[in-house]
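**Q** If you want the building blocks of each chain, they are given just below.
Protein chains: 2
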Amino acid sequence: MRSTVIMREPPSVVSYAAIGGKKEEEGPMGQYFDKINEDPYFSEDTFEKAESQLQKQAVGHALSKGGFSPSDIDVLFGGDLLNQCTGTTYGIKSYEIPFLGIYGACSTMSEGLLLASLFIDREICRKAMAVTSSHFCTAERQYRMPLNYGGQRTPTSQWTATASGALVVSPSEKAPFVRACTIGKIVDMGVTDANNMGAAMAPAAFSTISTFFEETGMSPSDFDHIVTGDLGAVGSSVLCSLFEKSGISIEDRHLDCGKMIYDPDTQDVHAGGSGCGCAGSLLCGYFLPKLREGELHNILFAATGALLSPTVSQQGETIPSISHLAWLSHERG
Amino acid sequence: MRSTVIMREPPSVVSYAAIGGKKEEEGPMGQYFDKINEDPYFSEDTFEKAESQLQKQAVGHALSKGGFSPSDIDVLFGGDLLNQCTGTTYGIKSYEIPFLGIYGACSTMSEGLLLASLFIDREICRKAMAVTSSHFCTAERQYRMPLNYGGQRTPTSQWTATASGALVVSPSEKAPFVRACTIGKIVDMGVTDANNMGAAMAPAAFSTISTFFEETGMSPSDFDHIVTGDLGAVGSSVLCSLFEKSGISIEDRHLDCGKMIYDPDTQDVHAGGSGCGCAGSLLCGYFLPKLREGELHNILFAATGALLSPTVSQQGETIPSISHLAWLSHERG
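Chains as they are written, first to last, in my numbering: chain Z, 1 to 333; chain R, 1 to 333.
Be aware that a few hints might be false.
Each pair may be met inside one copy or between any two copies, as identical chains are not told apart.
Calculated lysine-lysine pairs in the DSBU-like style (CA-CA distance at most 35 Å, straight line) [said to hold, decoys possible]:
id, residue 1, residue 2
1, Lys290, Lys185
2, Lys185, Lys174
3, Lys245, Lys22
These aren't lab readings, by the way, just hints derived from the structure by calculation.
The following block holds chain Z by itself, in its conformation from the complex (with noise of 0.2 Å):
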C-alpha cells in the first residue's frame, strides 16, 4: 500500500487568492493578502456570516485573478472548522458549482488542493478548485467560550487565523504545478489537552512527510522548505525533534504558517496562529505567488488537522489527528 500518488500531467495551480481580518493584515504577512477586512463582522450579523463572506471572497477572488466565471469550475471541494461545515455551505451555495465537501479541520486545504490536483491528472475534469477558512470569533465560541466570557489563554493555545484561501487547479503551463501528493493516516499518540493542539498535530505531519520521502527516496535537500500548517512554536519544535530522532534534519528549512502568520512579540497570540485559513491564505498568499515567480522552486505543504469535537474532548478522548501532503514545484518536472 502506497500513500503517495505522482501525478501522470502535473496539474497546475492556474489561480489563487487570499483573504484576511484586521489582525492577519497587522502581521508579518499581511502584504500578501489579496482582500483585508477590518470588520470582524465583514458587515454581516453574526460571525458565522462573516465566515462565509470570507470564504465567498475568497473563491470570488481567485475567479476573477484566473478570468474565470463560475460556471467555468468543474468541482469545487471545500470545508472548514463550524459544525456541519456551513462556512463553506453559505459561503459558495451562490456560485452554483458542483460541490464535495470535505473535512480535515486544519488538514483542510491540503486535502482540497490533493483531490482537485487528482481530478485533474486524472482527466475527471478541467477545472477544479479548492475553498478552506476559519474565524477567530467563530472557532473561540464554538471550540472555548463566547468572546464575551473573557477566558485566560494557555501559553500552548493557538489564535485561529480571521483568513481564507481560494485555488484554481487545471491542465496548463503556468507554474506552479503540483507534483505529487501524499494521503494521511489518523495518528493518535494520546495527547489529551484541547489548548495544546500543536503538540497533538506534530506526529501526524512526521508521518505523513516521512512517508513521502520513505515512498519517493527525496529527502529535505530536494525542497526549499518544508512546510507545514499550523503546528505553532510548541508542535514545530515537536516536528523537528520527531525528524531529529529519525536521524533527518529538517530544522534549516521547515516553515510553519501558523508560526509565520503573527508577530509574537507584538500580537500576544501565544503559540502561533491556527484554523484552516491559516495554512489556506499562506499557501495561497505567500507560497503559491513565490513558486510561480521561481522565488522558491519545491516546496513540501503539509497542513495538519486535529480531529477533536469538544464533546468528545469533554468525554475524555484523545486528539486524533491528521495531515495531507502536496508537492509543489515551480518546474513541471
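Chain R: place on chain Z using the hints.
**A** Chain R only, in chain Z's frame:
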C-alpha cells in the same frame, strides 16, 4: 460544464456491509443487516462512542466479507453527522488506512461511493472504501434535544437511523459496477423548518437526478429503481411532484430509504427514517446484494444531505441541500 462522469472501466463494489440497531432490526429491512446491536450504547459509556463502534463494525465486516485486511485498502472516504465528524474519526482510526474526510450530511454515502469509484476508475489506487453512519441518540442530542427532555416530534420530522454502511470498490469482474456518477450542486429553495428536512432536500435530489438524465440521455425507464436517501414521506412526494411538473414520471420506480427502513404503521417514526446511516445501510445491506445477484439490474442511488447546522438555523438561515448520484448496474456495460 458537465456534472456527470462516465466511468471508463466501471469499477466493482466488491464488498459491503450494513450494521443496525434494535429499531432497524424490528423494521421491514431487519433481515438485510449483517449485524444488529441491541444495546444503543454498544457497550460504550456514551452515545458518541457507540456511533464510532457502528463505523468500526461496518468497516470490519466489509473488510472481512471481502477477505481483505486494513493494509489492503489504499484510501478510505468517510464522514458522518456529528460535529467534526468524530463518529468516523474515532471509529476508523485503529485501522490505520489513509483517510480523506468528507462532509455531505446524509448524502455522505453517495459522495464516498462516487469518490471511491473515481479513484479506482482513474487508477489513482487499487482499493478504496467508503463508510458513514448515524445514531438516533447522538443526532437528537446534537440537532434537537437530549432524549431525557422528552420533546414532542412534529408530523414532518424523521427518525434518525442507528445504522452504518461500508463498502469496498476495486477493479473486478464481480457485479455490481459503478457506471457513472453525478456531482451535485447546493440547492436552496428557502425552506427554514429544520423539522421538515425532506421538503428541503427534495429539490436537490431533483436537480441532480434531472442533470444525470439530461447529460446521459437516459430516462427513468432505463432503471429498475431510482433510489433516494432519506426524503421520507413528505420529501418523496415533493420529489415526485417536481418530476411530474417537468413532464417525467418517476413515481412507479422511485424508492426512498427513509420510507423503506421503518414500518409507518407500527414504528411511530412520523415521516420516515433519516441520517447518513439510513441510505448507507440500505445501499450496503439491501441494494448492492440484489444488484450482485441480478435481482436488480440498474439503479440510480442519490442520497441527499441537508447542509444546515443548529447554530445557523437559530440565526434564521435557510436550509441548503445537496445530492450526489451513482448509477449502479449488474452489468459492466
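**Q** For which of the previously enumerated hints does the structure constitute a violation, in increasing order of number?
**A** 3
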